[in-house]
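Produce the complete structure using the sequences and hints provided.
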Amino acid sequence: MKKTLMAIGLSLVLAPAAWAFAPELHNEDGKAYDYDLVCGGSTTHSHIGGHTTTSLGSGNNCTLKVQGAGSAKLAPNMKCTIKGGALSCK
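Residue numbers for the sequence shown follow this note's numbering, beginning at -17 and rising by one.
Heads up, none of these hints are tricks.
Below, simulated DSS-like cross-link-like pairs (lysine-lysine); rule was C-alpha separation at most 27 Å, straight line:
hint	residue 1	residue 2
1	K13	K61
2	K61	K72
3	K13	K72
4	K65	K55
5	K65	K47
6	K13	K65
7	K61	K47
8	K55	K13
9	K13	K47
10	K72	K47
11	K55	K72
FYI, nobody ran anything at the bench for these hints, they're computed from the structure.
The following block contains the structure:
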């Protein structure tokens, strides 16, 4: 009985983490952009083509820096969009 209650309690604590999705970056512009994903002391350099969407992987608690469009602190389930040369995230 004690193990069952512990398993249920652990499931309730861990379940919200499983429901969180990685942040996404959507480029509505026709041109490609280079971007950096800064997480702690690590920086990943990448790019996104025009009119495409990409997952930012485990970008939670990271900062997205899009060259020429802006930067934003990321959170789970966040959707970022480049439109008209500007970055916006919600």
